[in-house]
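From just these sequences and the hints, can you work out the full model?
4 protein chains.
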Amino acid sequence: MIIIMKPNASEAAVGRIKNLIESNGLQAHLSEGAEVTIVGVVGDKTKLQGANIEMLEGVDKIVAVTESYKLVNKKFHPEDSIISVGNAKIGPGHLTLMAGPCAIENHDMVLETAYAVKKAGAQFLRGGAYKPRTSPYAFQGLEEEGLRYMKEAREATGLNIVCEVTSLRSLETAAKYVDMMQIGARNMQNFELLKEAGKAGVPVLLKRGLSATIDEWLNAAEYIASEGNTDIVLCERGIRTFETATRNTLDISAVPVIRAKSHLPILIDPSHATGVRAYIEPISKAAIAVGADGLIVEVHPRPSCALSDGPQSLTFEQFEHLTKELEPYAKLAGRE
Amino acid sequence: MIIIMKPNASEAAVGRIKNLIESNGLQAHLSEGAEVTIVGVVGDKTKLQGANIEMLEGVDKIVAVTESYKLVNKKFHPEDSIISVGNAKIGPGHLTLMAGPCAIENHDMVLETAYAVKKAGAQFLRGGAYKPRTSPYAFQGLEEEGLRYMKEAREATGLNIVCEVTSLRSLETAAKYVDMMQIGARNMQNFELLKEAGKAGVPVLLKRGLSATIDEWLNAAEYIASEGNTDIVLCERGIRTFETATRNTLDISAVPVIRAKSHLPILIDPSHATGVRAYIEPISKAAIAVGADGLIVEVHPRPSCALSDGPQSLTFEQFEHLTKELEPYAKLAGRE
Amino acid sequence: MIIIMKPNASEAAVGRIKNLIESNGLQAHLSEGAEVTIVGVVGDKTKLQGANIEMLEGVDKIVAVTESYKLVNKKFHPEDSIISVGNAKIGPGHLTLMAGPCAIENHDMVLETAYAVKKAGAQFLRGGAYKPRTSPYAFQGLEEEGLRYMKEAREATGLNIVCEVTSLRSLETAAKYVDMMQIGARNMQNFELLKEAGKAGVPVLLKRGLSATIDEWLNAAEYIASEGNTDIVLCERGIRTFETATRNTLDISAVPVIRAKSHLPILIDPSHATGVRAYIEPISKAAIAVGADGLIVEVHPRPSCALSDGPQSLTFEQFEHLTKELEPYAKLAGRE
Amino acid sequence: MIIIMKPNASEAAVGRIKNLIESNGLQAHLSEGAEVTIVGVVGDKTKLQGANIEMLEGVDKIVAVTESYKLVNKKFHPEDSIISVGNAKIGPGHLTLMAGPCAIENHDMVLETAYAVKKAGAQFLRGGAYKPRTSPYAFQGLEEEGLRYMKEAREATGLNIVCEVTSLRSLETAAKYVDMMQIGARNMQNFELLKEAGKAGVPVLLKRGLSATIDEWLNAAEYIASEGNTDIVLCERGIRTFETATRNTLDISAVPVIRAKSHLPILIDPSHATGVRAYIEPISKAAIAVGADGLIVEVHPRPSCALSDGPQSLTFEQFEHLTKELEPYAKLAGRE
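Respectively, the protein sequence lines represent chains A, B, C and D. Each position in the first sequence, counted from 1, maps to that position plus 2 in our numbering. Each position in the second sequence, counted from 1, maps to that position plus 2 in our numbering. Each position in the third sequence, counted from 1, maps to that position plus 2 in our numbering. Each position in the fourth sequence, counted from 1, maps to that position plus 2 in our numbering.
Treat each hint with caution, since some may be false.
Note: identical chains are not told apart, hence a pair may lie in one copy or across any two.
[To be verified] The calculated PhoX-like cross-link candidates involving lysine-lysine, where the alpha carbons are at most 25 Å apart (straight line), are: (1) K8 to K263; (2) K72 to K178; (3) K8 to K326; (4) K8 to K47; (5) K47 to K63; (6) K8 to K63; (7) K72 to K8; (8) K76 to K8; (9) K77 to K8.
The set of hints was computed from the structure by calculation and includes no laboratory data.
Given below as structure tokens:
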């Protein structure tokens, strides 16, 4: 931690800061410049919790030197993690494909989709049983019934299944069915849910919040990890900006940034990032080329009748075409 | 709903759209322009759920004509609402002041603060028992113990109390103690929580999400209202932008926009909007001048020792000074 | 300047940094922490231009301690400036009202507007002779002919006149006519224009760029000041965010932030900030309450026929009503 | 154009709108819904300029049906353009690589860089002679002297040269030297400059503004095209968002969006998009994979001594490595 004093800070003010730091068992290193004095603080800064140094007389601002996340931080875990989920591995050397409908609408569409995406090369079936919808009057999901269909699809096809959880209640139920639970963008800072997911012992797919910085996202992952669960896969799905030509703005640079800051795998969701079916193939190629560990894609038997996210869903044929197109890119990225 | 066709849409494509609309019991009105044809849809559009018209051949885009929120919409409830909470009224003619610490730290500081803010003119004591914090290693709140202190403060001072709920579990507990429950920015689209708040029968203070549009915010309010609880007060607390000189960017125009779109009262939170104590007074004056129904302000006995949000908390003296300064502005706004 | 080393930076790497700094005639202060070493640099950092320290081995990042703007910085000029323009003064104690049409459309409308806004209390007539328009097919302005009408309006009414300049060419022409030249949001980082405005010897109204940070804005002002012209008035007109209910998002906190960082006066433009006539009055009250030095407002004889920005323009009656409504707010702010 | 009336709009108000439209020689098609009436306008809407329909009684809002840009619009020019610049072609089937220093610092570094990037496979040398810098105290460029060095580099190596112009004055000078002139992000809506570039008869590289929507960007291109110059290449270089881990946020989806809306080629600038050397290679691969027509990359003989943008500049070796790594991606994209 570095404390930057104001240009006119008195010697006495600097002295009080120094005393405060040293009386808490840390060291203070002073650099007196022509314009300002800066104070480097050495030692365990948690000892200073409750001492709001930025408010003391003469202090201009505080600069943090180290990140608040530790377990998911590459600095303390330099090797990239490979996460095992069901019969799949997610991370370097592997290309993970998750596919399925936005919302589980009925028994048959789930099974039909599972067979189709399995055949096209996916290892995971995705499907929403609990749907967070902007309007209370939109379709809200089949809940546990949907989870049962997903489980049946797993038994029929051998696909791993991933479903979103939106509350402590749905988390508890889903934990009995799924291979991986997704925490969606709107719940990325639902800290109670994160902690509970950390305790549930099921791998977690953690989507980035609509306006979350990468540091906040890694802190959200740290919530899960701090409860003992480090089987976490990140998913970039676009952030909110002023541009309206796409549903969100895919922050593709998040992939190399996460690689530099964390050891956790990262997927890209081209469906929510763009909201437009025609953009999914080029964005998927870019995702593999930039180094993402895989994709999560919305696929529906009849997108034009989908109860949710139809315009961004691929048909079975389109998804099969996509996976074929991605093969050479996966090879270039050293993924099978 | 209006359907805009592509410039090259065939007559057959337009015909199929027309048939689809009419076969669902609605009316289609065609306007054939030089460049494009547009189709106006008249009737109950929920009948078209599951028919993703934007995906049909020849369709360029869909334009929504009406908002999806109804119960909180001024169009269907033109008179501004006045919400009764405990012994207070929130809305036109009233100036609501909520004040207190970000986090409840112990028994004495709650009581001490309650007496001070009551004396300065507040009608509500705010205080966080469940704290959503970016890092899992930061102070997380006293939970039910904190709620008990709040209740004691209410009994001692007659202030109404407002506390944030962050999960179904904390909501259930808080409902037994508080006059008003706050749903914070990070949970604005925690739809399970919204629905439960709608059932709890306790007035709700609904903060705007960090990157929520005003329409999404009103849809979140609609979630609560659709469960039977229309005792909702909105709170603008700053949105996330590229500017870093303040913690968030206060969207002060949200006040007249909400006035135009909804009948619900709206408060402003200058503490979170700016994150800087020195900016709270000018922003609070602006808030009253623009027409907000009141303020929620962070006040702490000793901000420099606060476990959370110290730099944006006012001392008792500063809060008392603030309320005095606001008096002539409240008078100009016709609020007592 | 502070240099933060990587956790694993070698002693040799730290030594090289230290040598580089000292060999350039500055001092290096080391603080060796448990995790990282930080290096405080003391002395004139322009000596390090061309030495990209952040790229040297072992360096994690650089933190700037002082701002790059000096002449417009409050640290070096603590008293708030009052700028004289024509027969008016802009700054503490004064309420500046600039009003007029977005675009000068013809002779009569300019004169008509000048008389009306003068009567309502404005000291400045605004009017666009060179119009920056998003589409090349929209009305582009009357150019020098428009400036002549403005000059005539000044002679007839005694109002000071302010016009936007959009190029070196229009700047040269406008300098012969106007009391104050406006540099618009889209040209805030048109550095050639800023430098020329600095040389022109005419007071400048500098609008904030659509996505400019406050520091970038003050650096733009520094461009003007560094050429010898410190008669600069800032104007906040809304920034670009994801919210679409208003044309831009007014960053009202920019007023106290500018007060803290600079000695220059600051106005607010409620017309561009909101884009909606009905929101101008409440926002104008908030602007005065928050401490702005005045307003620039679009007024048009017949807004529904305006060639530009009609929906956000006030009629004469509405502007007169506005100035009356603002009087008590100006009094509270100690402005006449 | 579609006019959406308010729910309570009177029949008389609707009638007045209809009359206004018809009296201007256009047709009005009414659709009366249960809640609102909508009016479709058929005909040449420029006839309605100056009639601000959104301000008329009873009108809720206006929805534009067609874009205001025509010459750069794919709807009216469905085939993708290939632009010839010097001895190069930019567009489908070609991989364009532009490389060179942010700023031209002296004669030798330009020549040295030209030979190196030529050898590595670039067809264009980039280099800044006029530098738009946030602070007036930063290096501002060598101006015409720099252009002479660029010309010499072209003669020595056969590379085409591209330089940024920042004012009418520098445009006039640069037109005598360069194969292609760049209009930078900060000048994307410097409309005088755009018009002059349209008249200059030199191909233009038009960067996207920091907070420009794709529609505004295409309108800026239309400014150039409307003056008779359609040799325009777009360049996505990152937009401004709340995320600070990268210098800007690359909007990679802009590539497929531009493909859908315009026939102009589009490059990506990974250097400014990320600001971090280590991210340039993965982002460049993604750029080719998503379908961009090429890249513009900052390369410097000794980045750690660069006067501008050192931290995001590649060394010669790194650029050569990059072009080798890109080869298989170019092949997959059908580019040579």
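So, going through the hints one by one against the coordinates:
| no. | hint | verdict |
| --- | --- | --- |
| 1 | K8 to K263 | between (32 Å within a copy, 12 Å between copies) |
| 2 | K72 to K178 | neither (30 Å within a copy, 38 Å between copies) |
| 3 | K8 to K326 | neither (60 Å within a copy, 31 Å between copies) |
| 4 | K8 to K47 | both (22 Å within a copy, 18 Å between copies) |
| 5 | K47 to K63 | both (16 Å within a copy, 20 Å between copies) |
| 6 | K8 to K63 | both (8 Å within a copy, 22 Å between copies) |
| 7 | K72 to K8 | between (31 Å within a copy, 15 Å between copies) |
| 8 | K76 to K8 | between (34 Å within a copy, 12 Å between copies) |
| 9 | K77 to K8 | between (32 Å within a copy, 9 Å between copies) |
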